[in-house]
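Undergrad: Next come the chains, spelled out residue by residue.
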Amino acid sequence: MPTSLVTGNSLLAIDVGASTTRAVLFDVIEGEYRFVASGVAPSTVEAPFKDVSEGARNAIQSLQNILQKTLLDSTRSLIVPSQPNGTGVDSLVVTISAGPAIKTIVVGLLKDISLETARRLTESVYTKIMDTISLGDTRKPQQQIDSILRARPDMVVIAGGTDGGASRSLQKLLDPIGLASYLLPEEKRPAVLFAGNAKMATEVQSLVGSFASSVHFSHNIRPSLDVEDLDPAGLELAQMFINIRKKQLKGLDSLDLWAGGHTLPTSYATGRMVRFLADVYGSKKGLLSVDLGSSAAAIAAGFAKKSVLKVFPQFGIGEYLTSLTAHTSLEDILRWCPLDIPTSVALDYLYQKALHPATIAATPEDLALAQAVATQSLFLAMQATQSDFPKDAAYIKQTLTPLFDPIIAGGSVLSDVSSPGRSLLLLLNSVQPVGISTVILDQNNLMPMLGAAASQNSILPVQVIESGAFLSVGTVIAPVVSARYGQSILKAKITYSTGAESVVDLKYGFLETVPLATGEAARITIQVGRGVNIGFGSGRGVKNMSIAGGTLGIIFDGRGRPLDLPGDPVRRRELIKKWNWALGGG
Amino acid sequence: MIVPVHHVTGLTTVVRERLLPISGSVVARIQQKVSAGDVVAETRWAREHALLDIAHALKISPVAADALIKCQVGDRIKAETEIARGKGIFPRTVTAPRDGRVVAVGGGQVLMEVGESKMQLRAGLPGTVVEVIPERGVVIQASGGLVQGVWGNGRIDTGLLVNLMDGPETVLAPGRLDVSMRGSIILGGIIKSPEILQALAELPARGLIASSMLPALLPKAREMKFPVLLTDGFGSVPMNSLAYKLLSTNIKRELSLNAENYDRYSGAHPEVFIPLPTSSEPPLADDFRELAPGVQVRMLRPPAMGMVGSVVSIKPGLTTLPSGMRAPSAEVKLENDETVIVPLVNMEVVG
Numbered sequence: 001m002p003t004s005l006v007t008g009n010s011l012l013a014i015d016v017g018a019s020t021t022r023a024v025l026f027d028v029i030e031g032e033y034r035f036v037a038s039g040v041a042p043s044t045v046e047a048p049f050k051d052v053s054e055g056a057r058n059a060i061q062s063l064q065n066i067l068q069k070t071l072l073d074s075t076r077s078l079i080v081p082s083q084p085n086g087t088g089v090d091s092l093v094v095t096i097s098a099g100p101a102i103k104t105i106v107v108g109l110l111k112d113i114s115l116e117t118a119r120r121l122t123e124s125v126y127t128k129i130m131d132t133i134s135l136g137d138t139r140k141p142q143q144q145i146d147s148i149l150r151a152r153p154d155m156v157v158i159a160g161g162t163d164g165g166a167s168r169s170l171q172k173l174l175d176p177i178g179l180a181s182y183l184l185p186e187e188k189r190p191a192v193l194f195a196g197n198a199k200m201a202t203e204v205q206s207l208v209g210s211f212a213s214s215v216h217f218s219h220n221i222r223p224s225l226d227v228e229d230l231d232p233a234g235l236e237l238a239q240m241f242i243n244i245r246k247k248q249l250k251g252l253d254s255l256d257l258w259a260g261g262h263t264l265p266t267s268y269a270t271g272r273m274v275r276f277l278a279d280v281y282g283s284k285k286g287l288l289s290v291d292l293g294s295s296a297a298a299i300a301a302g303f304a305k306k307s308v309l310k311v312f313p314q315f316g317i318g319e320y321l322t323s324l325t326a327h328t329s330l331e332d333i334l335r336w337c338p339l340d341i342p343t344s345v346a347l348d349y350l351y352q353k354a355l356h357p358a359t360i361a362a363t364p365e366d367l368a369l370a371q372a373v374a375t376q377s378l379f380l381a382m383q384a385t386q387s388d389f390p391k392d393a394a395y396i397k398q399t400l401t402p403l404f405d406p407i408i409a410g411g412s413v414l415s416d417v418s419s420p421g422r423s424l425l426l427l428l429n430s431v432q433p434v435g436i437s438t439v440i441l442d443q444n445n446l447m448p449m450l451g452a453a454a455s456q457n458s459i460l461p462v463q464v465i466e467s468g469a470f471l472s473v474g475t476v477i478a479p480v481v482s483a484r485y486g487q488s489i490l491k492a493k494i495t496y497s498t499g500a501e502s503v504v505d506l507k508y509g510f511l512e513t514v515p516l517a518t519g520e521a522a523r524i525t526i527q528v529g530r531g532v533n534i535g536f537g538s539g540r541g542v543k544n545m546s547i548a549g550g551t552l553g554i555i556f557d558g559r560g561r562p563l564d565l566p567g568d569p570v571r572r573r574e575l576i577k578k579w580n581w582a583l584g585g586g
Numbered sequence: 001m002i003v004p005v006h007h008v009t010g011l012t013t014v015v016r017e018r019l020l021p022i023s024g025s026v027v028a029r030i031q032q033k034v035s036a037g038d039v040v041a042e043t044r045w046a047r048e049h050a051l052l053d054i055a056h057a058l059k060i061s062p063v064a065a066d067a068l069i070k071c072q073v074g075d076r077i078k079a080e081t082e083i084a085r086g087k088g089i090f091p092r093t094v095t096a097p098r099d100g101r102v103v104a105v106g107g108g109q110v111l112m113e114v115g116e117s118k119m120q121l122r123a124g125l126p127g128t129v130v131e132v133i134p135e136r137g138v139v140i141q142a143s144g145g146l147v148q149g150v151w152g153n154g155r156i157d158t159g160l161l162v163n164l165m166d167g168p169e170t171v172l173a174p175g176r177l178d179v180s181m182r183g184s185i186i187l188g189g190i191i192k193s194p195e196i197l198q199a200l201a202e203l204p205a206r207g208l209i210a211s212s213m214l215p216a217l218l219p220k221a222r223e224m225k226f227p228v229l230l231t232d233g234f235g236s237v238p239m240n241s242l243a244y245k246l247l248s249t250n251i252k253r254e255l256s257l258n259a260e261n262y263d264r265y266s267g268a269h270p271e272v273f274i275p276l277p278t279s280s281e282p283p284l285a286d287d288f289r290e291l292a293p294g295v296q297v298r299m300l301r302p303p304a305m306g307m308v309g310s311v312v313s314i315k316p317g318l319t320t321l322p323s324g325m326r327a328p329s330a331e332v333k334l335e336n337d338e339t340v341i342v343p344l345v346n347m348e349v350v351g
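Chains as they are written, first to last, in the working numbering: chain Y, 1 to 586; chain D, 1 to 351.
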């Protein structure tokens, strides 16, 4: 039996998503923290329920039924802390992504510097940027006021002024904000975050303080022209987000009360977990988490010196699907579809699915369309994040994604374990990883919950991660290469622990898999042709490298990067079908 | 499992809050009988503002400018009215650029609301005012038939219902419209061409109830001055049989069409209300109900999208669907007697 210093407490984590609410119990088993079980219920954020705590109670009830353990008392309140008779839990954390995107105005002095930094900060939670104001804005102040009044923002994020720098210009930007807020009914006034020149704090308070619902101050996110520091402001923004949500969504305040204030936006909690894992594992490659859910597509990446967190409600596969066509064409969505589906049908699908976001694909045709939409949504989210990845990260080519290992995928579409091959193809097509990466499905959407739990218990996330609570899909080897279809680009020899060997001759345009079970390791030797790069340099392979298995084993993606789909639709659909089959899908 | 109810019912009592988006004055009284078109509250609001920088215009300090400003917050001012006059032999002046109302004065500046317009909130359905919410609106109670929709263009009106549907799958052709339908609400099936909307606008019609519409037509539908309501969705979705039956048996009856925008968070739905005389108050419609055998449901996704059926049984555990996905599901007997397995999340209770 493993020994441990953990004498610990049980922890319940609740994640309130747009469609689904999950309750997950972590507890100490044989001296170490483990994921015990997960209860799921439909979210109740929307009418007619309009009370997020109801869905949470139902999810806990479902967990109770699985565990045969009492967690709720007779009034359906959570029993916390746990009682001597074994009922209840010791602590609770809550994460939430449900609710309408927070309408935000972003203000920065210089369009390309502080405004861009403020925009990046704003995009770390579930926001819709309604307008931006900077010194370069050619509108008159009254036009800015009218724009703010039309937008009725929930939040204003202001940055600008290097520490110790000029402060006058910022005042000019704050006047319209203060006046517009003053004109809004008191209950509609926005919360304001100022994360600029610290010397301006008093002035900000006097110009907008009395007209905002609340004013928050954080460290300067752009303390000098060449330094960007989003972390302290990120936490402040996350807390503002929760406060706004508490006003918008009934029942969240009671959940937050149960949780003793440990409530975080799902994206922020995931970002925290990614930073934590990147620090713990300290790989030269980045660590990537992608989450595609109803409310948003969220990308979190951790590197040695920097982390990136981007949330895109516009690329969520729920209520905002109708606006997807503002960012992409129907033809670009359908290029991922193995079936010949007219664009008009795809458009009808987007509108119908937006009407009923919680519905799922019951027929193969509907699933093919749903997967195509999800692939394009995640592809767009990755493209929109590309410029935020640090320039000094490990790349094969700067125009491609950095080298990532591992890649963790969550959200309703990606974490469906009924077909890991389907999830993997979606991921390979949208993220287009390069080099060698292990791919992990977060089937219980634990990442945000562990991120939230980390603030209460720093041992728990590490022990749960190492306990196999995630589903390892396998190791992907994706060479960067341009070649003719069918040309041999890579040869690999896999030596299993039993001594058995398997050989792969990967051809350009093909996907191949070699079995290697979850929990098993093998040695791999890879030889690559001239101009082929798997992360060790052009034309350089690797000898006797240890490689981890997974549900699909080792996956060789010989389709090149960036993935170039054939223009001929018949040929393209045939290829997509082949790739589906290669990964065990239909 | 408790699920929301989509209302399609022949007789019920509805209670609806009608609120101004900003504060104003409520003109309806408690217990007042109102018809759908009656104004229950009104307000004024300005779409634009004018910011007059007096200090800058007079080339003086903000403090000095404040002393010269002649208007106060709340003053209504005509265009060209003098707002401030400087000092000296040839003093500079600042005048109001347009008619408006002063909303803020200070710091050497004057902020005016201009381009004010009147906003009137109509009852939306005939009934009794059972509550007045000061400065915001009223709560109205009424009894009759109710058909909720899934999309509306934000307009409200009343009129006699004219049926142009031959069955739930009818696609409305422009040639079906004629001048005798002027001032009516048209029950119109599936809308696939912009000419329909144009022809309805030219009649003019008082409203359109359609089962579905091509998404490309939605911007034009939003521009229509009459209410447009979709009962079932987008594309070519037939009208669910319950709504079709209820509406097509109320032809030539005056009904209220409130095509307000669907809001999943507030619960606002576009809806058709058919006022009916009742001797006693029918029960309020349930907003949610237990999904159980015998309950009437509507399919929200293929393969039987739009069809109505009744739950035969809830399957234990997870069921593997033809798509390969696994989900809690139910066996449902459709109105065409076919039995299908449907994920619970792909249906809603109707009634």
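Do not rely on the hints blindly, as some may be mistaken.
[What the hints assert, rightly or not] Here are the in silico distance ranges between beta carbons for each label pair:
#	chain 1	residue 1	chain 2	residue 2	range
1	Y	Ser206	D	Gln72	18 to 26 Å
2	Y	Arg571	D	Gly317	35 to 43 Å
3	D	Trp45	Y	Asn85	31 to 39 Å
4	Y	Thr70	D	Ala216	51 to 59 Å
5	D	Arg29	Y	Gln143	39 to 47 Å
[To be verified] Calculated cross-link-like contacts (lysine-lysine; reagent style DSS-like; alpha-carbon spacing at most 30 Å):
#	chain 1	residue 1	chain 2	residue 2
6	Y	Lys172	D	Lys315
7	Y	Lys50	D	Lys315
8	D	Lys87	Y	Lys172
9	Y	Lys172	D	Lys78
10	Y	Lys103	D	Lys118
11	Y	Lys188	D	Lys118
12	Y	Lys69	D	Lys315
13	D	Lys225	Y	Lys103
14	D	Lys59	Y	Lys140
15	Y	Lys103	D	Lys220
16	Y	Lys172	D	Lys220
17	Y	Lys128	D	Lys220
18	Y	Lys140	D	Lys78
19	D	Lys70	Y	Lys140
20	D	Lys252	Y	Lys140
21	Y	Lys199	D	Lys315
22	D	Lys87	Y	Lys140
[What the hints assert, rightly or not] Listing some non-contacts, in silico: residues in chain D with all C-beta distances to chain Y over 12 Å:
#	residue
23	Lys33
24	Gln72
25	Ala79
26	Thr81
27	Lys118
28	Met119
29	Gly175
30	Asp232
31	Arg301
32	Ile314
By construction, these hints were calculated from the structure, which means they are not laboratory data.
We put the beta carbon where it would ideally sit given N, CA and C, even for glycine.
Undergrad: Against each hint, give a clear statement of whether it holds in the structure.
TA: Here's how the hints hold up against the structure:
Remark: the range hint 18 to 26 Å for Y/Ser206 to D/Gln72 is upheld by a beta-carbon distance near 23 Å. Checked against the hint of 35 to 43 Å, the pair Y/Arg571 and D/Gly317 passes, with Cβ atoms roughly 41 Å apart. For D/Trp45 paired with Y/Asn85, a C-beta distance near 60 Å fails the hint of 31 to 39 Å. Between Y/Thr70 and D/Ala216, the C-beta spacing of about 54 Å keeps the proposed range 51 to 59 Å intact.
At about 41 Å, the beta-carbon gap between D/Arg29 and Y/Gln143 stays in the expected band of 39 to 47 Å. For the hint pairing Y/Lys172 with D/Lys315, the CA-to-CA distance comes to about 64 Å; that exceeds 30 Å, so the pair is violated. Restraint check: the Cα-Cα separation between Y/Lys50 and D/Lys315 comes to about 28 Å, which is no more than 30 Å; the hinted pair holds. Only pairs whose Cα atoms come within 30 Å are accepted, and D/Lys87 paired with Y/Lys172 is accepted, the gap being roughly 27 Å.
Proposed proximity of Y/Lys172 and D/Lys78 is supported: the alpha carbons are some 29 Å apart, at most 30 Å. Restraint check: the Cα-Cα separation between Y/Lys103 and D/Lys118 comes to about 27 Å, which is no more than 30 Å; the hinted pair holds. Restraint check: the Cα-Cα separation between Y/Lys188 and D/Lys118 comes to about 21 Å, which is no more than 30 Å; the hinted pair holds. Simply put, Y/Lys69 and D/Lys315 have alpha-carbon atoms about 24 Å apart, close enough for the 30 Å limit, and the pair holds.
The hinted pair formed by D/Lys225 and Y/Lys103 meets the criterion: a straight-line CA distance of about 29 Å does not exceed 30 Å. Distance check on the hinted pair: D/Lys59 and Y/Lys140 sit about 19 Å apart at the alpha-carbon level, within 30 Å; holds. Proximity of Y/Lys103 to D/Lys220 is assessed by CA-CA distance (about 26 Å); at most 30 Å being required, the pair is judged to hold. Between Y/Lys172 and D/Lys220, the direct Cα distance comes to roughly 40 Å. Violation of the 30 Å bound is thereby established for this hinted pair.
Proposed proximity of Y/Lys128 and D/Lys220 is supported: the alpha carbons are some 25 Å apart, at most 30 Å. A threshold of 30 Å between alpha carbons decides the hint, and for Y/Lys140 with D/Lys78 the separation of about 22 Å falls inside it, so the pair holds. With a C-alpha separation of about 24 Å, the suggested pairing of D/Lys70 with Y/Lys140 holds against the 30 Å cut-off. Of the pairs offered as hints, the one joining D/Lys252 and Y/Lys140 is violated, with about 54 Å between alpha carbons and a cut-off of 30 Å exceeded.
Taking the CA atoms of Y/Lys199 and D/Lys315, the gap is near 64 Å; set against the 30 Å cutoff, the hint is violated. About 27 Å separates the Cα atoms of D/Lys87 and Y/Lys140, which keeps this hinted pair within 30 Å; it holds. Annotated as non-interface, D/Lys33 keeps its C-beta farther than 12 Å from every C-beta of chain Y; the closest such distance is 28 Å. Distance check for D/Gln72 against chain Y: the nearest CB is about 16 Å away, which clears 12 Å, and the non-interface claim stands.
With a cut of 12 Å on Cβ distances, D/Ala79 stays outside the contact zone with chain Y, its closest approach being about 15 Å. Non-interface status of D/Thr81 relative to chain Y is upheld: no Cβ of that chain comes within 12 Å, the nearest being about 18 Å off. D/Lys118, annotated as away from the interface, keeps every beta carbon of chain Y farther than 12 Å; the closest lies near 18 Å. With a closest Cβ-Cβ approach of about 15 Å to chain Y, D/Met119 is found to remain outside the 12 Å limit, as its non-interface label requires.
The claim that D/Gly175 lies off the interface holds: its Cβ sits roughly 23 Å from the closest Cβ of chain Y, which is beyond the 12 Å cut-off. Not every C-beta of chain Y lies more than 12 Å from that of D/Asp232, the closest at about 9 Å, which undercuts listing it as non-interface. The Cβ of D/Arg301 does not lie farther than 12 Å from every Cβ of chain Y; its closest approach is about 5 Å, which violates its non-interface assignment. With a closest Cβ-Cβ approach of about 14 Å to chain Y, D/Ile314 is found to remain outside the 12 Å limit, as its non-interface label requires.
The earlier numbered hints that this structure contradicts are 3, 6, 16, 20, 21, 30 and 31.
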